[in-house]
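Protein chains: 2
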Amino acid sequence: MTKDRLFYLPLGGADEVGMNTYVYGYGPPDRERLIVVDMGVAFPDMESTPGVDLIFADVSWLAERADRIDAIFITHGHEDHVGALGHLWPQLRATVFTRAFTGHLARRKFEERGLDGKTVKVVESWPGTVQAGPFRVGFAPVSHSIPESSALIIDTPAGRIVHTGDFKLDATPVVGEAFDEAFWRGIGDQGVHVLTCDSTNVFSPLPGRSEASIEAEIRKLAANASGMIAATTFASNVARLQTLASAGVAAGRSVCLLGRAMRQMVEDTVTTGILTDFPKTISPDEAKSMPREHLMLLVTGSQGEGRAASAALSRGRYLGLELSEGDTFLFSSKTIPGNERAVLRVVNALSRKGVDVIDDTSTLYHVSGHANRPDLDRMHEMLRPSVVVPMHGECRHLKEHARVAARNGFASLVAGNGSLVDLTGTVPKVTDHVEAGRIYLDGKVQVGALDGVIRNRTRMAMNGHVAVTLFLEGDESDGGPWADLTGLPGTGVSGKSLGAVLETELDRQLERSMGHGASEDEEFDDRLADELRSVVRRTCDTEVGKKPEVTVLISRSN
Amino acid sequence: MTKDRLFYLPLGGADEVGMNTYVYGYGPPDRERLIVVDMGVAFPDMESTPGVDLIFADVSWLAERADRIDAIFITHGHEDHVGALGHLWPQLRATVFTRAFTGHLARRKFEERGLDGKTVKVVESWPGTVQAGPFRVGFAPVSHSIPESSALIIDTPAGRIVHTGDFKLDATPVVGEAFDEAFWRGIGDQGVHVLTCDSTNVFSPLPGRSEASIEAEIRKLAANASGMIAATTFASNVARLQTLASAGVAAGRSVCLLGRAMRQMVEDTVTTGILTDFPKTISPDEAKSMPREHLMLLVTGSQGEGRAASAALSRGRYLGLELSEGDTFLFSSKTIPGNERAVLRVVNALSRKGVDVIDDTSTLYHVSGHANRPDLDRMHEMLRPSVVVPMHGECRHLKEHARVAARNGFASLVAGNGSLVDLTGTVPKVTDHVEAGRIYLDGKVQVGALDGVIRNRTRMAMNGHVAVTLFLEGDESDGGPWADLTGLPGTGVSGKSLGAVLETELDRQLERSMGHGASEDEEFDDRLADELRSVVRRTCDTEVGKKPEVTVLISRSN
Chain A
38 MTKDRLFYLP
48 LGGADEVGMN
58 TYVYGYGPPD
68 RERLIVVDMG
78 VAFPDMESTP
88 GVDLIFADVS
98 WLAERADRID
108 AIFITHGHED
118 HVGALGHLWP
128 QLRATVFTRA
138 FTGHLARRKF
148 EERGLDGKTV
158 KVVESWPGTV
168 QAGPFRVGFA
178 PVSHSIPESS
188 ALIIDTPAGR
198 IVHTGDFKLD
208 ATPVVGEAFD
218 EAFWRGIGDQ
228 GVHVLTCDST
238 NVFSPLPGRS
248 EASIEAEIRK
258 LAANASGMIA
268 ATTFASNVAR
278 LQTLASAGVA
288 AGRSVCLLGR
298 AMRQMVEDTV
308 TTGILTDFPK
318 TISPDEAKSM
328 PREHLMLLVT
338 GSQGEGRAAS
348 AALSRGRYLG
358 LELSEGDTFL
368 FSSKTIPGNE
378 RAVLRVVNAL
388 SRKGVDVIDD
398 TSTLYHVSGH
408 ANRPDLDRMH
418 EMLRPSVVVP
428 MHGECRHLKE
438 HARVAARNGF
448 ASLVAGNGSL
458 VDLTGTVPKV
468 TDHVEAGRIY
478 LDGKVQVGAL
488 DGVIRNRTRM
498 AMNGHVAVTL
508 FLEGDESDGG
518 PWADLTGLPG
528 TGVSGKSLGA
538 VLETELDRQL
548 ERSMGHGASE
558 DEEFDDRLAD
568 ELRSVVRRTC
578 DTEVGKKPEV
588 TVLISRSN
Chain B
38 MTKDRLFYLP
48 LGGADEVGMN
58 TYVYGYGPPD
68 RERLIVVDMG
78 VAFPDMESTP
88 GVDLIFADVS
98 WLAERADRID
108 AIFITHGHED
118 HVGALGHLWP
128 QLRATVFTRA
138 FTGHLARRKF
148 EERGLDGKTV
158 KVVESWPGTV
168 QAGPFRVGFA
178 PVSHSIPESS
188 ALIIDTPAGR
198 IVHTGDFKLD
208 ATPVVGEAFD
218 EAFWRGIGDQ
228 GVHVLTCDST
238 NVFSPLPGRS
248 EASIEAEIRK
258 LAANASGMIA
268 ATTFASNVAR
278 LQTLASAGVA
288 AGRSVCLLGR
298 AMRQMVEDTV
308 TTGILTDFPK
318 TISPDEAKSM
328 PREHLMLLVT
338 GSQGEGRAAS
348 AALSRGRYLG
358 LELSEGDTFL
368 FSSKTIPGNE
378 RAVLRVVNAL
388 SRKGVDVIDD
398 TSTLYHVSGH
408 ANRPDLDRMH
418 EMLRPSVVVP
428 MHGECRHLKE
438 HARVAARNGF
448 ASLVAGNGSL
458 VDLTGTVPKV
468 TDHVEAGRIY
478 LDGKVQVGAL
488 DGVIRNRTRM
498 AMNGHVAVTL
508 FLEGDESDGG
518 PWADLTGLPG
528 TGVSGKSLGA
538 VLETELDRQL
548 ERSMGHGASE
558 DEEFDDRLAD
568 ELRSVVRRTC
578 DTEVGKKPEV
588 TVLISRSN
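Chains as they are written, first to last, in our numbering: chain A, 38 to 595; chain B, 38 to 595.
These aren't lab readings, by the way, just hints derived from the structure by calculation.
There may be inaccurate statements among the hints.
Note: identical chains are not told apart, hence a pair may lie in one copy or across any two.
Claimed, not checked - Only pairs whose alpha carbons sit at most 25 Å apart, straight line, appear in this in silico DSS-like list of lysine-lysine:
#, residue 1, residue 2
1, K584, K481
2, K390, K466
3, K390, K257
4, K40, K466
5, K257, K317
6, K481, K533
7, K584, K533
8, K371, K390
9, K325, K584
Taking the hints into account, I'd like the entire structure generated from these sequences.
Written out as structure tokens, the structure reads:
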């Protein structure tokens with residue numbers, strides 16, 4: 038008889054902020070029943086993933102065990118928790134459970150991919166539960182920066198797991214459910230085996246501030262600004278949209294939404310009954326004819342995204358609206374590491390227009406949606422689990438959180454993506470490592486991070502590309518090799534055209550290669566291609582200091 | 038008779054942090070004599086300048102007027118003030134004046150480019166001066182984060198200019214000259230027409246802290262750490278190197294320098310007599326045999342640079358040394374916007390090894406080298422100029438600094454790169470705009486930012502590259518077109534090989550194009566190439582959602 042075990046396996050989110058994808062398993066080793074918690078995306082950057090659209094966790098380990106998956110649970114509707122669902126679900130095909138608002142967004146993910154949205158089942162929050170194999174799972178409300186965020190209370194034969202999802206301790210969240218300390222203390226009293234806990238803000242030393250705490254400052258700003266106000270935040274931060282819009286209206290301003298995500302989110306929250314008193318908005322066309330001091334724009338693009346409304350406004354007119362001297366632009370948001378240059382580009386472009394920009398360094402107009410270190414301490418203490426498993430964060434966050442947990446007297450460990458953690462007893466341990474990579478959505482196609490596609494693109498970005506063509510008839514060449522350059526300077530250190538220098542050197546090499554005995558076989562052609570490639574790289578290195586990617590195309594007359 | 042005028046013209050540094058390149062002119066309009074202040078670089082990033090090595094100001098405006106340049110002055114030895122000197126000097130060929138330590142570094146810039154280092158003339162600091170055409174220029178010491186930083190006091194027939202260079206108000210700078218408030222008040226008493234003033238830290242609301250203020254904390258850290266300590270900072274921050282090294286020695290640690298720039302800078306400062314009591318260092322080989330708690334490594338790579346010592350240590354063993362559990366890594370530095378991801382990569386890799394990382398969010402171990410807003414207020418007040426010209430900063434910095442100056446009661450304006458500012462009277466005004474672009478050092482070659490070379494590389498990075506080859510004999514093709522793909526997925530949404538789908542579509546197009554009447558002229562070939570290019574882009578878009586860069590090579594038998 039094999040003893041059943043309980044395990045935790047992060048496939049994404051436990052080596053980065055974003056891409057949350059977690060697995061719990063229970064049963065006899067290698068025959069455990071499985072549930073998946075969240076299927077999120079990470080976002081690409083030009084440095085490591087040029088041209089990539091989205092990044093998902095590699096779920097091949099799960100796909101190979103799809104028949105053992107009893108359910109997928111989504112804690113909340115942020116892209117880094119639900120964004121990969123439509124893309125990866127066809128490999129897993131288990132029922133998806135969510136709360137109502139998250140379900141609304143999750144269904145859209147399905148429909149966008151031509152899948153049946155009915156696969157997403159909406160469940161009531163705690164004390165409601167879903168039985169999924171050996172797991173009984175309930176959605177218990179927590180406060181965060183999108184409505185209906187939930188921790189999962191997961192009862193298993195080996196004890197109870199509380200999986201926090203993203204959360205903060207906010208008693209006055211403006212929109213949605215407040216963090217209910219009494220409830221969570223009650224859960225703690227019932228006994229918690231494992232607390233799997235958000236780690237993203239573990240380095241923030243002060244207690245988190247409430248969403249309500251910034252309301253007064255935003256109202257003051259809206260009332261005192263002389264011209265138009267444009268404010269940006271994540272569209273999914275519904276409480277913030279409400280605060281900004283109300284402040285605008287209180288200051289006699291009409292609210293205009295710019296950017297698809299912004300309009301969509303307000304529509305979604307009104308449809309689903311999340312927002313009941315969001316002010317009536319006006320269209321950009323109506324806004325055009327309003328005095329600017331009576332306007333409040335809510336715009337997409339808090340991260341400086343080139344195609345969002347904020348960047349468009351920074352460049353010039355957008356849908357007939359233009360910011361100018363005396364107007365105010367407010368970043369009611371935090372710049373995510375890696376987006377600084379893009380955000381500063383928007384800030385400086387607006388600044389050049391004479392707009393007063395209030396950037397994210399002011400802490401008056403934004404609060405985080407995650408638990409800071411003292412809040413984590415409180416959460417540990419409310420739940421008093423046997424084990425704290427730090428989740429969602431880079432290695433440095435997980436490690437610091439494990440340290441905080443240990444200091445608070447709890448067993449803990451650092452488990453990165455692919456670490457299978459046995460949680461059966463009171464001492465958690467990593468007992469296995471599974472392949473946990475990244476998959477890139479590249480245009481319409483998923484490519485593996487290690488497939489070489491992106492590596493080749495990065496190389497071309499650094500060093501340019503040369504295409505060499507050569508036509509051979511028998512053992513003679515017709516016209517000699519040609520070189521076509523992309524992304525390389527036209528002139529090298531010799532002062533001559535790089536193309537011309539290359540063709541001279543290619544001619545010479547061709548003569549040498551043919552002189553050694555040409556033959557009409559593939560082996561000869563392969564060797565010749567290698568020799569020509571080397572000549573191109575060597576010559577470019579000498580002339581322009583770059584070793585480009587080289588494609589050699591040798592054609593033979595039939 | 039034409040009236041003489043005095044002007045200021047930033048060619049770099051007045052729309053960015055870095056790339057400092059300023060011009061002053063005096064004389065009859067369009068016949069002014071010119072001096073250049075600083076010739077610095079900016080640093081590339083993967084997003085906008087992949088593969089680029091360095092960025093310079095475009096000095097073609099100056100080059101066309103090289104006969105009117107009387108001198109080049111370098112305020113201090115940071116790369117963003119002196120780094121372009123060797124690269125751009127051949128276009129300008131004027132004598133370069135510096136103080137001794139800066140001259141040491143500037144001469145190396147010349148020699149690295151095969152130029153005669155004797156062009157750099159070392160001058161004594163104020164009251165020493167150099168006459169350069171109508172300008173009499175003196176180097177007046179200021180405190181900053183590299184030795185012998187100087188403001189320039191520039192006397193002209195239209196009044197005195199104080200050009201601050203980079204500076205802070207530091208009465209206890211650890212190494213080098215303290216900021217001498219009495220001296221600067223004296224200069225103010227003599228009358229200053231224009232204060233051209235560093236703006237980079239204008240958004241920092243608190244008075245700047247002294248270099249000496251962090252000494253105690255660094256000493257405490259060095260004494261209390263249990264294992265090895267590795268600390269990184271800019272190699273040019275000589276005072277910091279001194280503080281770190283002394284703290285190490287005081288804690289019974291031997292100091293080992295890792296990274297070329299670090300060794301070079303310590304050697305330079307000892308050679309030039311800047312550092313007189315830097316501790317004796319040990320080699321990496323000697324360090325290997327020391328107990329780790331007796332070691333203090335000073336390493337390059339505070340910005341997460343992939344090839345620097347810090348990144349090498351984060352990946353594994355470097356020169357026989359390896360950090361592990363219980364060791365400490367200190368960032369005694371600030372992360373420059375845009376480098377966050379690179380720095381976090383190093384932090385997380387070290388964290389994974391069990392190293393305690395103290396990152397740049399702690400303010401205990403680093404102070405800035407620039408004047409904060411209250412310091413700028415003090416500087417304005419010490420010098421009481423007729424005009425404050427904000428210099429060195431992004432648009433947002435210059436604008437805020439102009440606002441601060443106005444609030445302090447001084448005439449001011451925002452002048453970005455290429456703005457020619459007439460400073461003859463007491464009201465500064467932009468009277469002209471000259472072409473002020475960027476030049477990229479790309480390998481060994483300088484290319485213009487708008488030449489398209491980098492744009493093409495960026496496009497390949499985003500969308501991949503396809504090379505199409507076609508051999509034509511008369512009005513028939515030999516073998517049909519071939520396609521060779523780089524940086525594109527092998528399989529598209531049809532499930533077929535993308536290369537095969539492309540060749541089928543290319544065949545079809547070729548047939549259509551030839552059917553419309555083939556002819557053996559260039560016009561036909563150009564049209565055919567365009568048609569084949571469109572087919573490739575359209576087919577790739579359908580199959581993989583990407584429109585690649587396409588090279589079409591049509592060859593004809595003779």
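Hint numbers contradicted by this structure
Going through the list in order, the structure violates hint 9 alone and respects the others.
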